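So the protein sequences, as listed, match chains A and B.
Those letters in the first sequence? Residues 1 to 201, per the numbering used here, in order.
Those letters in the second sequence? Residues 1 to 201, per the numbering used here, in order.
Wrong hints could be hidden among the right ones.
Calculated cross-link-like contacts (lysine-lysine; reagent style DSSO-like; alpha-carbon spacing at most 27 Å) [what the hints assert, rightly or not]:
id	chain 1	residue 1	chain 2	residue 2
1	A	Lys27	A	Lys116
2	B	Lys27	A	Lys125
3	A	Lys197	B	Lys69
Now the stretches of chain B that chain A is said to cover, found in silico as 3 or more residues with beta-carbon under 8 Å [unchecked claim]:
id	stretch
4	56-62
5	86-93
6	116-127
7	147-153
8	186-192
The following label-pair restraints were derived from C-beta to C-beta distances [as the list claims (entries may be wrong)]:
id	chain 1	residue 1	chain 2	residue 2	range
9	B	Ile18	A	Leu195	23 to 33 Å
10	B	Ala151	A	Asp93	22 to 32 Å
11	A	Ile18	B	Ile18	34 to 44 Å
Honestly, the hints are just simulated from the structure, not real lab data.
Note that the structure is a prediction, hence the values are computed from the model and not measured.
We put the beta carbon where it would ideally sit given N, CA and C, even for glycine.
Protein chains: 2
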Amino acid sequence: MDELQAKQQLLNYINQRISLTEDEQQKVANAFQLKQFKKKEYFLEQGRPNRQEAFVVSGTFRVFHIDNKSMEHVLYFGFKDWWVGDSASFNSDIPSFLNVQAMEDSWLLQIQWEEKEKLYEDVPKLERLFRIITMRTLTVLQKRFFLTVGASAEERYLELLERHQGIEQLVPQHQIASYLGILPESLSRMKKQLLMKNKGI
Amino acid sequence: MDELQAKQQLLNYINQRISLTEDEQQKVANAFQLKQFKKKEYFLEQGRPNRQEAFVVSGTFRVFHIDNKSMEHVLYFGFKDWWVGDSASFNSDIPSFLNVQAMEDSWLLQIQWEEKEKLYEDVPKLERLFRIITMRTLTVLQKRFFLTVGASAEERYLELLERHQGIEQLVPQHQIASYLGILPESLSRMKKQLLMKNKGI
DNA sequence: CGTCTATTTGAATGTACTCAAAAGCGGTGG
DNA sequence: CCACCGCTTTTGAGTACATTCAAATAGACG
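Please construct the entire structure, taking both the sequences and the accompanying hints into account.
Structure representation (structure tokens):
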């Protein structure tokens, strides 16, 4: 993975949303550093204070939380051009609530909190960009919340397949179950049922 | 309710987070307008495009969504000094996903999308303020999400009581049930059970 | 090839749900 | 002031969906 190429990918992402001068682009590029993550390696680990966030250049990450009954709950899968991190922990010394783990060999452009603050000073336009990104994220999470409380596991599963075509090839089934908020056994049974239904038609 | 007093309340809220010049404070104050909402009146109605959001000056609102099975799900209760609105609908012509309804006679300082955009131009510091507010909101919703998928209804109930003392006096029980993601009947039974347990001790 | 992990299947259980009805509470009008 | 009405809360009986615990099968990786 080429560092310049990775940073160009990030700049393309930003340029699609706001316009930056050459100088500003340079400052943005300098603030991030490229890092490789091997499969199963952690970018963030729950319980540890953490003051960095990252842009996914390539690969896949799962962002999840482990509850007090030791159950894992996937919040989302981080693919190319997504951001991963724990905003509460990024902005203070609060221990991270989330885990971010590579599901395959992957590359991140990571940034430290101090660097990001400096970047906001140097390129104030970014305040707006990240305000809007955060708002979008909030909207997506709201939808996910209402789907979780208002729809059956089967509806949630079908919605996921539709919204994220090909996800079954990318992510093992027990982690899809974790995303849906059910156990792997339940997903297995549900898939069998759905097959029956479709054969019946 | 005095308009000047209401706007001073908003400015106090902002001044606790960032510092504004007299001139900037004036611009902020001018962008908002005070409006009364009688009990049960709607500030936002699901399905209608809506391009305004608001700061709660006094009273209580419930922010909820009605799913395709006609079930109401409360996302949060908006008390004094909270923001209410639907960010996706505020920022585009997408119909609102949320309802915002007054639970008692209440006052809001509302702002139109165009006014807010103008305000961001005039007072760029606000980009940062609202970026941070949105991030905090996201963190709170994340916690709520994991509590919903990871904890029992009883745990969620006890957590709510602890985090929001006195809420049982402010909000009818069937709406607390809706916030918890269970039916009123289930909450009633749960409370009975909790009473038994406590008597047992 | 063997080991470890993921998936499937089975049987019993539990938590919250549905439907139904009674009891409680609060506000309104006579 | 009290009787009535509508809405909220409680209680009951039966049900559904996903869970738990357990074991077998399948698949991936070294």
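Outcome of the hint check:
Between A:Lys27 and A:Lys116, the direct Cα distance comes to roughly 11 Å. Compliance with the 27 Å bound is thereby established for this hinted pair. For the proposed pair B:Lys27 and A:Lys125, the alpha carbon gap of about 21 Å is at most 27 Å, so the pair holds. For the hint linking A:Lys197 to B:Lys69, the alpha-carbon distance of about 22 Å falls within 27 Å, and the restraint holds. Remark: the stretch 56-62 of chain B is not confirmed as covered by chain A, as 0 of its residues place a Cβ nearer than 8 Å to a Cβ of that chain, below the required three.
Residues of the stretch 86-93 of chain B lying with their CB closer than 8 Å to a CB of chain A number 3, which satisfies the three-residue condition for coverage. Interface restraint, the stretch 116-127 of chain B with chain A: holds (3 residues with C-beta to C-beta distance below 8 Å; minimum three). Counting residues of the stretch 147-153 of chain B whose C-beta sits closer than 8 Å to any C-beta of chain A gives 4, which meets the bar of three, so the coverage hint holds. Given as covered by chain A, the stretch 186-192 of chain B fails the check, having 0 residues with a CB less than 8 Å from a CB of that chain where 3 are the minimum.
Against the hinted window of 23 to 33 Å, the Cβ-Cβ separation of B:Ile18 and A:Leu195 comes to about 56 Å, which falls outside the hint. Judged by the Cβ atoms, the range 22 to 32 Å given for B:Ala151 and A:Asp93 holds: they are separated by roughly 26 Å. Evaluation of the 34 to 44 Å hint for A:Ile18 and B:Ile18 yields a failure: the beta carbon distance comes to about 22 Å.
In summary, the numbered hints that this structure violates are 4, 8, 9, 11.
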